[in-house]
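A.B. asks: Got two chains here, separate frames each, mind docking them using the hints?
Top line first, the protein sequences correspond to chains G and D. Taking the working numbering, the leading residue of the first sequence gets 21, the next gets one more, and so forth. Taking the working numbering, the leading residue of the second sequence gets 462, the next gets one more, and so forth.
Hint data in this document are derived by calculation from the structure and do not stem from the laboratory. The beta carbon of each residue, even a glycine, is placed where N, CA and C say it ideally should be. Check each hint, because a few of them may be wrong.
Residues of chain G placed beyond 10 Å of chain D at every Cβ, according to the derived structure [unchecked claim]:
no.	residue
1	L38
2	L66
3	W74
4	T84
5	D259
6	G364
7	V526
8	G539
Cβ-Cβ distance ranges computed for the label pairs, FRET-style [claimed, not checked]:
no.	chain 1	residue 1	chain 2	residue 2	range
9	D	E536	G	L556	19 to 29 Å
10	G	D428	D	L550	48 to 58 Å
11	D	K694	G	R523	45 to 55 Å
12	G	A349	D	E486	28 to 38 Å
13	D	L549	G	L164	19 to 29 Å
14	D	D613	G	T505	51 to 61 Å
15	G	R223	D	E486	17 to 27 Å
Listed below are the residues making up each chain.
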Amino acid sequence: MLFPTFDFLLFVIPVLLLSWAFSHASAIRIPLLIGASYFFYMAGPLTDPLPAPWYFAGLLVFSTILDFTASKQIHSRNGELDSDDPEIAESARRSRNFWLGLSLVGNLGLLGYFKYTNFLLSAFADVLGAAGLEVVVPHLQLILPVGISFYTFQTLSYTIDVWRRRLTPEPSFKKFALFVVFFPQLVAGPIVRASELLPQLHRRPQLSADALKFGLFRIFKGLAKKVILGDWIAASFTDAVFAAPGTYTSAELLLALYAFTLQLYADFAGYSDIAIGIARMLGYRIPENFDRPYQAKDLGEFWRRWHMTLSTWLRDYLFFPLGGSRGSATRTYFNLWLTMFLVGMWHGASWNFVIYSNIHALAMVFNRWNRLRKRGPMTMTKALLACVGLALFGALVYLLSLEILGLDPGSAQILAGSGVLLFALVSWLPDTGSPLNVAAHVVLTFHFTVLSRVFFRAGDLGSSREMIAGLLAFDGRGLREGLLTPWLWLALIGGLAYHFTPRRWVDEYALAVWRRIPGVILGIAFALLCLAIMKLMSGAPKAFIYFQF
Amino acid sequence: MSDTPPIDDHSVGLLSDEVREDDSEIVLGDDRPDPGNYPRGTFRTTISGMLTMLMMIGATYVLPGLEWARPWTAEDPVPFWNLIGRELLGEGEKADADDAAIRDLAALALAEADADGQESAGERPFVEPDVRPQGEDDEPIPAYTPEGDDGDPVAVPLENPQRLDRFYAALTQTDLGLAGAITRASHWGDSAIGNDGITGAIRAKMQARFGDAGHGFHLLGQPNSSYRHVGVKVSEKSPWHHCFIIQGCRDDGFYGFGGTSFESTAGAEIRVGTASKGSMGRRVRRFEVYYAGIPRGGNLRLQLDDEDPIKVPTAADELEDRWTAVEAVDGEHSLSIRAAGGGKVRAFGVTLERDGPGVVWDGLSQIGALTRRMLHWDQEHIRAQVRHRDTDLVVLMFGGNDMNMRGTMDKYKEELRELIQLFNGEGVEHPPACLIMAPLDHGERRGQQIVTREIVPLLVEAQREVAADEGCAFFDTYAAMGGEGSMGRWARAEPKLGSGDLSHLSYHGHKVIGAMVYGALLQGYRDFRGRVVGKPIRALEAIADRGIKVEAVDEIDLDALLGPRAVAPAVADEADPAVDPVDPVDPDQADPADEADPASEGADRSADERTDRSPTAGGESASAGRDAPSRARPPTPQDPQPSP
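Isolated chain D (complex conformation) (with noise of 0.2 Å):
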């Protein structure tokens, strides 16, 4: 026999030569004699600590003001919980099914997280949508086909799912296939849907099945550390000085689409771009970048990729919004943007885009963002740029910091109306579709607990009651959770769902959510289909854009209405440079002043030049209507042209 080296003899590794087997027999037999009592004084010590530990566990129980140190309360569930709690007290068929519930959800963040890890190794390539041929239009309206997971049962369905008539048309049109038919949405919230969790999960969803029309709005930043965008690449040059709209920082209101304006006088440059893996957010055919026209407004230089850069002046008579496009050829690209001097500019953020058709889906946090913040905007500004954004739904994800208020939630409720009726109040000519979705559920520890905070039912119930007064549908995120306690439930999940300050998701619960507001929007288009189906096509454009009811399609003339039925218009062929790629316009619409202006179709530049970057710039468009048939962004002509 040889020994095996001591533990602490680390010369020789685990399986070194020098180690050899023990082959020595050990005999298991009678019990020894017992070499009888313990010395004196060998337990005293371990139970004098027994005891004094004992006696003060036990003056939390007795003195009063220690309540919150006491390590069990009758809240919390009974020890020895399996045997006791589960088996004696019957509290296992309760505990077996809010269990079953969670790992079901947690089944559904697996299977969502899945796809997307798919996504992002490029082993699920994404498959663009057919185009409809053109010319059909005036058929029917097919019955409705669901495709993959759309028939799948839905756990909490959309309440009046029936006020998004206007998206489920636009979203019809993109189903069919419709060239150029883009269906947009704009979700606001507070850090809810920071890092673009529950926004991007929905996008992802959203384009899978509908196609990809491009990541949509980014800020002309990363302003602050959550602000991270699936499917965008960004990369900071020298950062633009930011200004959040919860901040209170501009006395002008002129905040941006996405609630935070940046400023420089020069030097500052991001490059925003196609994602470099996954499937989405590949190709971008568009960038329009929002910013503002100021006095004495210094230049933006606008760079496509590494081509030659655009000089675009931002001086103005006053302050105004502004837009200016740049277009590609379908595929990879980036833009930088950046302050070029000449004085102070000031910018929003830009948007990526394709030509359809498919669906883009913003995603806007505002980190922090008590509700009545976000009426700090100029009401005309932010209904000029959701205008010009052509959004056909406004997505409300608020209430998370509400909870901390110390008004009352009648004060809530109003906050939150004026809130929707920037988007769709007196004034506003054709409003977007508007959802609410209430806020997570926020849990508090209590004992060994976690419990909902007591506020989150009564914000709920307001947001539900406003969302119903102010027509919109609404989405009860915190139902959708489990209700009460449902935070803790899913913080402690396995993969967690929850994040560990009971405020917020995990990336897994963010797939949750967003899976479950996806089947809820299916839900009620499917409901949509059933009643449009057999109207004719145009229909959907009278009801996405002049907000005409459903059943009173029957009744109207929709050439009356319309106007003859436009040419849709073929989708530009990346592989002929002989065509241009600039969105076509409406001819009624169309600006005659443009087609005189040589500068902004690019006239001066090569033919294959114009098919790779055609810069367009717009302008505070007051007929920043929709373009039938395509959805995708006309040039606007009134705005100064960029210059090369």
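Bound conformation, chain G alone (with noise of 0.2 Å):
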């Protein structure tokens, strides 16, 4: 089901009443609300394209039953392993092992299955294409069960922390199940570890008057800029871009990547808003996903203000246990960039995400060197030391130009020329911590996530090819009249500006007047809200882009 359509809204209010009506019987409620949860799981509303079948709700109950029984199996075994006996010890580390292997295997397969299996194939005839050897591989019907990425991640959280002795199973059945498919936040995160919500499962819900004006707050503003700044900037100019980036100019391509950078982080977070929202007014907290991500001064910054429950799950799940930066920088590094690329292969199965997730890894890795290396005054075997590392990263750039992205070598020179401009910016700047200098560090942070994201938006990598040989054409022909109406101007420079201002403004001041405002006033808002919502997306509800993941 999406948020901003009518079926939701016959949907929540409902749900909402109930739950509070049966606040105090934890025995009604829980299976309330994970019967609403599968229920707005399978219910959706009619879309182009169709939403899968009610049916793939069983990919949930299957997750749901894995990892209830894997995580108790481990559990079970505890004891035994730190028993004085080494073969009861061995005995019950591989038992773990195993259960914590079949939880693995089913939660990854099943989401390598419906999300990579296409891509491996054809990334293997490309391959062996490269080679020389032609195959032909089977394009397989999947349909991607709408939630899976998120669901999977959560799911193995709870297991993988049993395995580490970092908590207990969950006792009761109905509990771990809502934990699972708790509906604000089952398709689009954010990502909520086991450690986080079920303990709130055993309490009573945290209700107060504050929490539920927070909600609606979240609510509201999550809606508005799901729809405002997501969804109509995407109908009204990105898709058609996109679509077609070799009839649009120099100009057009650089505003349509402005403005999707704009509409990704307005559709995902709005999405948590809504979530978060929601969630409080059902009396529990998740956890925030987003954090003004563009006010960023570096990558690593930006990636901790972005998408934070994956980023951070990641962290914690895989970079952690390869070692962190615990051993030799070289191997810090490959942790680091290994961590960052599957953060980015998370997002899509395509060459363009593999692309995208090199880009970010290998800017994190340079991120890291730039923070920990030691500054002084430049000698002449350092400048020499740079000059090489500026051509070599320049050649490599030029040379992937015109091997990857088939650009003709003038755009590849510009291409490299840039990249090696950008480099050098990056290095020689230094963190004053002044204001021109945070603005400074924020400018070049922004705009490297905003020339990324052609990988993260083109279709294919025919459409990133074209995209950036597009921009680099420098045409000169400036954007076409009529194409953005001063409405939508208005969207695209607010919503920036209003992504730059202080949070606080929003989360204090602007909170603490919507707490003054009466109920009465608060309704007539939500139903124009509605009702702008209706008329912006004409009937046409569409998909959070996170879903597709």
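C.D. replies: Following this line, the structure appears as structure tokens:
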């Protein structure tokens, strides 16, 4: 089900009222919320393309049973693991590992099958093709189950935590089932860990007038973000540009990249706002997922602010187990690269995402090197090394631009030159903390994320190529008349300006004003928002971008 | 255990050293005791807000005049459709069928776009078709052998495809590889073909199959943001002043072949050249500038690449059509067309062509055109333009803007009829074949649904009727899209096939329609080849140029009709500078004056120069017929000669 639809309104009001009514009766409330969550998953509105059939909910049931059982089995052998008898301890270790392996294979197997099979097959064919062997691989007609990337990580974290003995298993199957399918964040996050939600299910929902108003505030804010800055910009501008980049001018392509950068944030952060708001109205807190990411001064900070529950998930369940930054410098850089590469690949299965993931992973590696390196007076040796490094970097970008992106030599030179310039600028720019210095860092980081979005949004490598070639053409033809309406300009400029305001302005001041508004006025505001959504979306609800992940 | 920095502590990055693993243990256990009821008033504000909102929504169902604000109407899909509508009400089957159909179209769009991308990236180099050896055109036409996707099933076939016999005859000559056999189609339409989307898609398919004989016609500028042709590189240093036929701004009706005339007293300049990427439109052999001779007309300055410019005077006693060709060695070139002073110059456009065999598909869009606005052409002027263009097929795709008309459908039919008759009406000796393409589906929002505007099927039916009456074939674009409600489905498809305005198509939608039209044309072509198999190849010329019906070919004396068999000229050998690249002219049609005037052949230049560039001037040539067997444009001798 999609949040900004009439169906959801019909669904959520009774669910909220019943949940409040049974807030003291968990024996009723928990099954009620489980049922509501499954209904939410299965009973979406008619959309194009069609929603997945209802029986895909079976995957949720499978995942729930698998992880509930596996964690119980793992925990049951904990005592034996500490046994003085090495045989018993070894047997316990093997049994625990078996159940963990089963959970990993079951969950990641499903995720891999539905999400990555076709890409792996075509990548296999591409690699063989590059070696001169032509093979034809099948393309499976797979429907990606909505939310599989989110609930898979959620249930995995539970089993891994039990295996690592940082969590005892949930004794109640019902509560565990609700943790897996809790509808506000089921299909597009935030990714909630068991340690964050399950303890809350063991107590009465934390409801108060302030909590409810906070929830309403987040829902209102999320809907406005999602519909106005997300869907509307997409429908009015960016979708058309990315569908046929070859027919747009350099300036139009650049503007579309800025617009998409805003749209993507608004779409996903809007969803997270609504999810957090509804959860709060049900009496539960779920973690924040975004914190004004484009205000980041460097890429490391960006990933702390963007989709935080994914990046911290991979940090805790991949980076740390790999050794984190405790090993050698080389090992640390490898760990960092792998973690960030998987963060990128989580978003999609295509060559575009391979490039996108590597751009961000390597930039994170550079970010760490640049942060930790010793700065001092420039010596001849340092200057020489810097020149060699820049030349190698430029040559690499140039070659990749020619071979992978298929750019013409002139465009490849511009791209390589720009890369070298950015690289040198970021390396040189000190971190003084002055407002101007901070602004320079923010601008550089923001533009890095904007430009890398080419690979995030373009449908395939060919479109990325076309987009980059168009951008580098510098055709000087400006924007065509009537391409963007004044209202769209207002949304773009206003949206970006809003993003760069201090968080306090909204989360404290605006919230404080909201809390003083009487219920009747809030009701009118929501009704008008619903009307605006209906007119803007014109009866064509658009799935959240992150549904496809 | 060390603390993970709080969310708003941005002093550390995601994977910075300061971040340490949290190794605390959480014990999940029994329920906590319930601390009792919530304080009074906890739910008051929220519930009053909910009630207010529900009352306001309810009011839209109770109060008259607020129907427009209803979030759901009986025509909308039932709420919770995936369970209730799909499973319980049995709507799943139809939805699945629609979904499958749109997925097929989306897959087709992606495949076409992928092919386009490969061409753009140069991954699929264009292969020149083989040229048939000379002296074989008395042989019988061989049976048709399908190539590539020729035999694929067609979703919507052409209606009355035999009306395109002239086009198919020319296409057969091209397909057989006859030297110089160019098949030309000229496709006029409204914004549905703006951006060269549909026309570009058809051109790409046709040229990939039959050979690239050049981009075809391009206006003398990019007069609006939607006029962006694929496969042509254009730079406007100083734009010409333009005038669209839909504006009715020329009393004389001389709007040119593309329906847009350009004027400048001095200084306006455009450079049109071959594309710099992709595998099509990369070569040109001949530019031809379409302009008007006007009283006290000024000069045109034409400059091929960076060679010496040529001055072309446009002064004439009275308004008349003129053409000037600039020839080059087949390859990458550009031509600058500049108003060079001496008075006002009026020009229309430029064609880019090669020797063939191959296909040229002109994209001639008029954004915002109502069908009747195209009647602003002076009849003799547009007929002369078409005759000179020597087009084999006229395609008309209008109607999108006529959907807002207030007149009756009978009036619309009359307007369309008159438009068609400009091209094939009384007085046109050998009219081109004619194809009417129905407009795209146009949707409108009704509640949550997108439905077809009521006028669409009426307009399509009117066009079908007029096409049948006026000797045209018909392609039902609306049916090809899926009929009722199709634009909604196209707009919601992934990738998007329709535009958000529910009236136009996206890039991928253009590809789909282009592929459908191509498929339908090829189906008609297969049928034609079946009807002419075994007849002499020369019969194709009679069918194409003289309008002889296929079934009548056996009854006529081809030699008497066409004259003695022409000697097919050799295609100019690019490597041999001694070969004059100017297209051969049928000796019977050549004007002796042409030979006498050295300027027309660039006789005062060196042989090498002549090979590289051979400007020829053209005029309103009444005999602008076909130059058998070569379809490349001949020099037209009556016009004033360009002066270097």
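A.B. asks: Next step is simple, just say for each hint if it's right about the structure.
C.D. replies: Going through the hints against the structure:
{"no.": "1", "hint": "L38", "verdict": "holds (13 Å)"}
{"no.": "2", "hint": "L66", "verdict": "violated (4 Å)"}
{"no.": "3", "hint": "W74", "verdict": "violated (6 Å)"}
{"no.": "4", "hint": "T84", "verdict": "holds (16 Å)"}
{"no.": "5", "hint": "D259", "verdict": "violated (6 Å)"}
{"no.": "6", "hint": "G364", "verdict": "holds (13 Å)"}
{"no.": "7", "hint": "V526", "verdict": "holds (13 Å)"}
{"no.": "8", "hint": "G539", "verdict": "violated (3 Å)"}
{"no.": "9", "hint": "D/E536 with G/L556: 19 to 29 Å", "verdict": "holds (20 Å)"}
{"no.": "10", "hint": "G/D428 with D/L550: 48 to 58 Å", "verdict": "holds (56 Å)"}
{"no.": "11", "hint": "D/K694 with G/R523: 45 to 55 Å", "verdict": "holds (48 Å)"}
{"no.": "12", "hint": "G/A349 with D/E486: 28 to 38 Å", "verdict": "holds (32 Å)"}
{"no.": "13", "hint": "D/L549 with G/L164: 19 to 29 Å", "verdict": "holds (25 Å)"}
{"no.": "14", "hint": "D/D613 with G/T505: 51 to 61 Å", "verdict": "violated (41 Å)"}
{"no.": "15", "hint": "G/R223 with D/E486: 17 to 27 Å", "verdict": "holds (19 Å)"}
Hint compliance for this structure: hints 2, 3, 5, 8 and 14 are broken, all remaining hints hold.
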